[in-house]
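Going down the list, the protein sequences come from chains A and B. Numbered according to our numbering, the first sequence spans residues 1401 to 1459. Numbered according to our numbering, the second sequence spans residues 38 to 265.
Read the hints as simulated data drawn from the structure, not as lab findings. All values reported here derive from a predicted model rather than from experimental measurement. Careful: at least some of the hints might be erroneous.
[To be verified] Computed beta-carbon distance windows for the label pairs: (1) A:G1417 to B:L67: 54 to 64 angstroms; (2) A:P1418 to B:F209: 25 to 35 angstroms; (3) B:G202 to A:P1418: 19 to 29 angstroms; (4) B:S207 to A:G1417: 33 to 43 angstroms.
Backbone N, C-alpha and C fix where the C-beta goes; we use that ideal spot for every residue, glycine too.
So the chains spell out like this:
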Amino acid sequence: MTAALAVVVAALVNITGPGHYIHWGFIQISVGNIIVISLMVVTFLAAILIPYHRKGGRS
Amino acid sequence: MTAVDHTPAETGEGLAEDADQWTAKIRRFLMSNLPPGRLIPDRQPSYMASWIYIFGALTIGALAMVIISGGLLSVEGPTWWHDSSVGLFVNSLHLWSVELFFFFMVVHLWGKFFMAAWRGNRALTWMTGVITFMASIGAGLTGYLSQTNFDSQWISTQAKDGLNGVGVGSFFNVLNFGQMLMWHIMILPLAVVAISVLHVLLVRTRGIVPPIELEPANSATATTGGEA
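With the rest of the complex left out, here is chain B (with noise of 0.2 angstroms):
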C-alpha cells in the first residue's frame, strides 16, 4: 500500500510564502467559517427538538422538486403540457411543489419571526431570507406568465399596470413573453437558488438562533447553543 502525499494546501494549511495568495485567504476564511463538522454536523443543539425546525429543510426539498419538474418541463418547452398527458403530469407536478415550496416557505418564515432569529449576529440570514422570498414572488409570477392561455395574457396585462405604477415597468417586460420565459427558466431560478445556498452557509455559520429564554447575556457575540 502506497501513502498518498498532501500537499500543505490539501491539508488546509498551505505554504507560509503562500500565505498571501488568493487562494490560500479564501481557504483559510472556509476553514475558519466552515469547518467540515460544522458545514454537515452530526448534532443539533437540544432546543431544536420541535416540528417547526423541519420547515426550512422541506421548503429545500420542494425547492428541489420544482427545480427538477422544472428542468423536464424545459425539455419540451412551455407548450408541452396543452398536448401531452406527460407534460400536463409533470407541468402539475412543478405547480404543486411551488405550492408546497411557498407553503413551507411561510410556516418556516412565521416560525423564524416569532423566534426573533435575526439575533445573535444573524440579520444577513434573515435577509437573504427575505431576498429569497422575494425572487420567488418573482419566479412564481414569471411562471404563472409561462402557462401559454388566457390566464397568462391576464395575469400579465394586470401585472404590467400594477409594475408600472409602483415604478419598476420600465426594467422588464411581462407582456414579452420570450424575455418572462428566460427571467423564468433562468435568473430568478438561479436567483433563488443561489441566495437559498447562501442561506443555508450562513445558518451553518452562525448556528440555529436559540430560545429567547436562552439567550445568551452578549448576543452580538453568539453563535452556536449547546449541544445535545
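One chain only, chain A, in its complex shape (with noise of 0.2 angstroms):
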C-alpha cells in the first residue's frame, strides 16, 4: 500500500527529470513557476473577490 502510495506521488510530482518549458517568443519560463505564478494570480482575486464574513454577522 505504501509502495503503491509512493508511486502516484512520484507520478505526481516528478521531480528528477529534465525540466519542462514553455516557449512564447522571447519568453521561456518553466512549467513549475507559471502554475505557481498561476496559483498566486488566483489566490489573489479570490482573496479580494470571496466576501469575508465573520462570526456574529458584524461587517
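Both chains are given apart, each in its own frame, so use the hints to dock them into the complex.
Here you go:
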C-alpha cells in the first residue's frame, strides 16, 4: 500500500527528470513557475472577490 | 493576601529624578508608541473584513515553520536528508514551508501595492517589507546552495557569474559551501526575523492602512481608522 502510494505521489510530482519549459517568442518560463504564478494570481483574485463573513454577523 | 508593591518604573511612570536615564527614555518611547492595547489589539478596523488581510499573518506562520524545520535540520546537518527518511521528511517540510512563505508574501505584497499601503506615514513599514523580501531571496539562494548535491553546485556557479556581474561578488563567495551555509542558517535568518519583527511592530504602531476612499484629508498624520 505504501509502495503504491509512493508511485502515485511520484507520478504526480516527478522532479527527477529534466524540466519542462514553455516557449512564447522571447519568453521562456518553466512549467513549475507558471503554475505557481497562476496559483498566486488566482489566490489574489479570490482573496479580493470572495466575501469575508465574520462570526456574529458584524461587517 | 499580601499586596504587591510596584516600583514607579514597573507602572510605566518612574521617578522625576530618573527621567533623563536611557531606561526611562526607552520606556516612555515604548509606552507612547506601543501601549499594550495597540501591541496586542482586541479589535481591528472594520475595513479589515477581507481575505486579502490574512496573507501577512499567513506569511509569518510559514516563516515560523521555516525556522522550526530549519532548526531541526541544523541538528543533523545539511547531508541528513540524503540518507534518512526522517531527514528527507524534515527537509521537505523546510522546502514546502519556504514555498508557502514566498507564495503568501507575494500575495501580501500585491495586496499592499494595490492598496498603496505606504500612505499615511507608513513608508518605513513598506520599506522594511521590501528589505525582508530581499533578505528572503538571499536566504532562498543560500538554501539552494546548501543542498549538497549537483543542483547546488550548478546554482552556485551560475550565481557567481550573476553576482559578479552586478558588482557584489567580492563581498561573499557563493562557491564556498561553509560560508554559504553559515549565511543561510545564521546571518540571513536573523535578518529576516529581526526585520519582520520590526515590520510587524511598525504595523502595530502606525495601524493598518485604510482604503483609499477612506483616506483622511491630512494623510501625513493619519494613524488608524475607525474601530469595528
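Taking the hints in turn, this is what the structure says about them:
The hinted range of 54 to 64 angstroms is satisfied by G1417 (chain A) and L67 (chain B), whose Cβ atoms lie roughly 55 angstroms apart. In this structure, P1418 (chain A) and F209 (chain B) meet the distance hint of 25 to 35 angstroms, their C-beta atoms being roughly 30 angstroms apart. For G202 (chain B) paired with P1418 (chain A), a C-beta distance near 26 angstroms keeps the hint of 19 to 29 angstroms intact. Distance hint check for S207 (chain B) and G1417 (chain A): the Cβ-Cβ separation is about 37 angstroms, which falls inside the suggested range of 33 to 43 angstroms.
This entry satisfies every hint, going by the numbered hints stated previously.
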